[in-house]
Amino acid sequence: MADFYEIVRQWPLLSGIQVVTALGLLVIMFIPEDRPEVIKKVAAVFSGLDLIICILLFLAYDKEIGGLQFVEKFLWVKTLGIHYFNAVDGINLPMLLLTGIVLFTGCLTMWQLENRVKEYFAFSFLLVLGVFGVFMSFDLFFLFVYYDIALFPMYPLIAIWGSTRKEYGAMKLTLYLLAGSALILPGIILLYIKSGLWTFDLIALSGAQFTPYIQSIGFLLFYFGFGVLAGVWPFHTWSPVGHVAAPTSVSMIHAGVLMKLGAYGVLRVGAFLCPEGWVQWADLMAVLAVVGIVYGAFVGLAQTDLKYVIGYSSVSHMGIVGLGLSTVTVSGLNGAVFQMFAHGIMTALLFSSVGYIYDKTHTKTTFELGGMSRNMPIISGFFILAAMAGVGVPALASFWAELLVFISAVKVFPIRGILAICGLLVSALFMLRVVMKTFYGPANPKFAGLPDVNFWLASPRIILAGVIVLFGLFPWLMLNLIQVSTQSFPKVMGF
Amino acid sequence: MLDGLSFELLMAIVASMAPVLCFGLIMVFTRRSISASVTVGIIGSFLSWFASLYLFLHYFHAEEAVVFKGAWVVSASLKIPFGYYFDPHSLLMLMIVATISLVIQIYSIGYMAGDPGKSRYYAFLCLFSWSMINLVIAPGLLQLYIFWELVGVSSYLLIGFYFEKWSASEAGKKAFVMTRAGDIGFFIGIIILMLTTGHLSIAVFGNAAEVGNTGLSQALLTLSAILIFSGAVGKSAQFPLLTWLPDAMEGPTPVSALLHSATMVAAGVYLVSRIFPFYAASSTAMMVVLIIGTITMLLSSTMAMTARDIKQVWAFSTISQLGFMFMGLGAGAYFAGVFHLTTHAFFKALLFLCAGVFIHHFETNDFFEMSKAGARKMLIPMITVTIGVAALSGIPPFSGFFSKEAIMAGLAHKGNIWLIAGLLGAAMTAYYSFRVIFVMWFPKGEVEEHGHGHEGGHDDGHGGGRWAWVTEWSMLSVLLILGAITLVLGFFQKELEHFLTGHSAEHHGSQLILVLALGCALAGVILAWFEFGAKNAKQEGFLSRMKSVEALFSNRWYMDHAYRKLLDYVVYGGITNTFTRNDRVIIDGGIDGLCRFTVSLGRAVSRIQSGLLQYNLYLTFLVVALMGLYFLLV
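Those sequence lines, one after another, are chains A and B. In this text, residue positions in the first sequence follow the working numbering: the first is 1, and each later residue adds one. In this text, residue positions in the second sequence follow the working numbering: the first is 1, and each later residue adds one.
Misleading hints may appear alongside valid ones.
Below, computed lysine to any residue pairings styled on SDA-like, alpha-carbon distance capped at 20 Å [unchecked claim]:
1) K411(A) / T196(B)
2) K73(A) / Y192(A)
3) K411(A) / V74(B)
4) K63(A) / K118(A)
5) K411(A) / I184(B)
6) K565(B) / A302(A)
7) K166(A) / I591(B)
8) K78(A) / M171(A)
9) K166(A) / G589(B)
10) K491(A) / L68(A)
11) K165(B) / E368(A)
12) K79(B) / S488(A)
13) K69(B) / W476(A)
14) K69(B) / G472(A)
15) K73(A) / Y61(A)
16) K118(B) / I378(A)
17) K565(B) / S488(A)
18) K69(B) / N480(A)
19) K165(B) / P377(A)
20) K79(B) / S485(A)
21) K411(A) / G198(B)
No wet-lab data here; the hints were simulated from the structure.
Full structure from sequences and hints, please.
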């Protein structure tokens, strides 16, 4: 196997992902609209290929050496210093794997889509092209372009295939995210000019000696610019509304991957390029994160729409990522990156289960459902498993992330850390409340006889559930990888 | 992960991992076939029990604790090991857990016969055994916490097993959230320990010689000890987090026997006794343990005196016995607490399982009705339940007598006030438990004998036909086994003490305490006899003449009402409502307002360029006038 990985390391796998995604998009475009079955199969095959490449990357990355690997770099526009620069390290590799898993399972989840299948999958692939791009680019110019590519398709995807105030949701989401990217662009230009290096190369820029003042402004711009997408309180309200309005697989990608884009941006661009600013604003970050954790959980307690509940739980869980980032410690970063991954998988499973239930019952209001465990035991089981992961039950992936974040948070900000831990109680209360109202109690006779998932429909959920359990039981598989890069991050405390 | 696979390690892995393997097998493969699931579950539990027995015997004479561990998570300087820690205390507890798990699974063959969810039931039982076993043999507090949480999850699933009943799923949720409230303190406590000492090894915190060398300040030690104790308060249903346990009786009766008497709730006591030297280093923490134990013991005893539901009586008695254990530990009597934990595990499981037989047979939980329906004709369960009650009340020669006496001696050593509280509790315990027994043995009023009332029988609709004896004897044999253990366990006090502490004290307390304890228990029994057993007894407790007190007791001192109010007014009505309105009105309203403002600004600006001459002239005039004004003034 070692020899095989040695060979694999020579392949341009990162460009491979983008080529496969783009090819998938292209092929879908050329299939006539009246052949939805073919389109779905093509989408499944290409997303499956993406996933295979991501797994290969995950396995072949050499943790002994660490650093940037699978580097593909050449100068693209010489006068501006724009490079085509792709690479992976311990931070973006989990994100790429996450994107691969969510894309593939999302495509399988949408097997029953009937309305405008072709456009739907085309937009989805375009979206994911952007997401993959952001995660693999080490050039700020490409990163920003990919970032906007990832944001744009959300509007049509929600406004056309969505439900529940979809135009409002789509508009709100787009405005928020564009407002965010309106902060990112000046940030990038600021660093580009002030560095005096005339390059967008992230690694080169990190070597530039920015004054603390520049770093402070730069970090703030990136924190709020990317932070909007990560659902930082009080810029979070687009997220539940957007989740609710979006169709199932878009919710999966949106909550599962897109929100991580924000947190990743804060870490990769903000913290990496402006470490002084990061340390300076850590206090503020921690406050907003803790407010987000507790506040999201409390608001979630009042919701009766399943998707709203998941939306607010995302606000709460992304708060944990924010808290991890604010600690400026190795363990905090480990926890934050792991939480991004774990939360992505978990929300994807939640949305995917709700999507199926909504498909069959045409409602996602908790009190209209009730007793679903009797009518649809298997899909209910998946939801309950994911909800348990959300509550922070051990042996499921997100537990480890929360553990690391909380330990380092208590070390750095004792009071805020303890407050965040107390938020766990509220999140347990609201998750279990929803599980009880929806899945327990007497079965609603209206939904008796509705079919549960068969093996093929269950397959995407099986994959997601398997990933949650796998990394829950064997967390070191992921943490050892993440640690390779967080240890050498600028300014972090070695805790 | 673990270095060097020896036979002992293999056995440890079998003991700890066989149940979870069975959980996986049942959930993934045999869910549809009940008999296959039952077989898998029982084989798994048997393997686990057998391996535990091997380890117990193998390490019985070991001089030092045996540790196997490997890294589970390493993050910078943070190291979280996974492994096994075998010392007398964990071996004893392992034996208790594995034995009770096994007998409960055997008993459930009969009890759950005919239930369509039996596969799920066995899977959850396996999940529970796995969590509990790994909790018990954890080498570090963090692993203990992790499996502690998993115990909480599996108990949530088992309590809410009859999920179509709202009451059952409510009870499951309540148990989970309430124990979690305590767990948060536990979690914060171990984080503090980890950050200040750098590790959470039980080998250190459980060793009197090492606790002093950890570099903890006295204040931090006390703080973290109390925080960790709050986890035990939640799990062991101590005041003020005790109201989940009576509700948890919504689960199937064998589950109540397994979780809510013998193992899960005992985990709290185990936690404190596990790191007992750590607690002993802080007199404040010990006092907190003692006080909480006393309050709980007295409160729950009063609650048990008015309950008519047999499972409720046992539930309250469980809480009060756990309170006793904490009193023992808090008073510094380590062995007494652990010994009572051991005896209690067996006799309380016995009591619940007897109750299960009656409930299964008569389809009611009310022991007055059971009595009327002819409970006393079922000889085996009646005799075993009487043995259990005698042990619970501390009547010699049953096991509970010895352990309770040891606790009384510890309390007397601490101070007379604690001894008096303990004696009062013992009297109440004897009263409420013999109340049940006398009512069941001596039915009053008309006795309706149902047609199907035959000894140890069950509804024919359940097991049916050729295999009926299996369902019947799976339950009865377990009662006999546990009854026998209850009879003899008390006589092994010396051996157990030597095993656990390395020495056995010649004599525990004075004769006086022995007489006092016995006298109080007998007083309770006699009172119960005159009110419920004697020929002309009306079967009404003395409490029924004090209506307000009875209402207070039967409403559980209104603790549930208080929690309900807290949830409704503070959590839902207060915080949640405020935050939700803030989201909608201030944040969303603000953003929507900003959007509207932008749009109307755009409209206003667009009007400037409307091309109408008079507007343009008007604007030009305005601007010129303003500029003129500005220059005039400056």
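To see whether the hints hold, each was checked on the structure:
1. K411(A) / T196(B): Holds. K411(A) to T196(B) sits at ~9 Å (cutoff 20 Å).
2. K73(A) / Y192(A): 19 Å, holds
3. K411(A) / V74(B): With a Cα-Cα distance of about 17 Å, the restraint between K411(A) and V74(B) holds, given a limit of 20 Å.
4. K63(A) / K118(A): Outside the cut-off at roughly 40 Å; violated.
5. K411(A) / I184(B): 16 Å, holds
6. K565(B) / A302(A): With a Cα-Cα distance of about 17 Å, the restraint between K565(B) and A302(A) holds, given a limit of 20 Å.
7. K166(A) / I591(B): 17 Å, holds
8. K78(A) / M171(A): 38 Å, violated
9. K166(A) / G589(B): 18 Å, holds
10. K491(A) / L68(A): Between K491(A) and L68(A) the Cα gap is close to 19 Å, so the pair holds against 20 Å.
11. K165(B) / E368(A): Status holds; Cα separation ~17 Å.
12. K79(B) / S488(A): 19 Å, holds
13. K69(B) / W476(A): Distance ~15 Å between K69(B) and W476(A) Cα, so the pair holds.
14. K69(B) / G472(A): Holds, at roughly 18 Å.
15. K73(A) / Y61(A): The hint holds at about 18 Å.
16. K118(B) / I378(A): 16 Å, holds
17. K565(B) / S488(A): Violated, because 51 Å separates the two Cα atoms, which is more than 20 Å.
18. K69(B) / N480(A): 18 Å, holds
19. K165(B) / P377(A): 16 Å, holds
20. K79(B) / S485(A): Measuring from Cα to Cα gives roughly 18 Å; hence the hint holds.
21. K411(A) / G198(B): Holds. K411(A) to G198(B) sits at ~12 Å (cutoff 20 Å).
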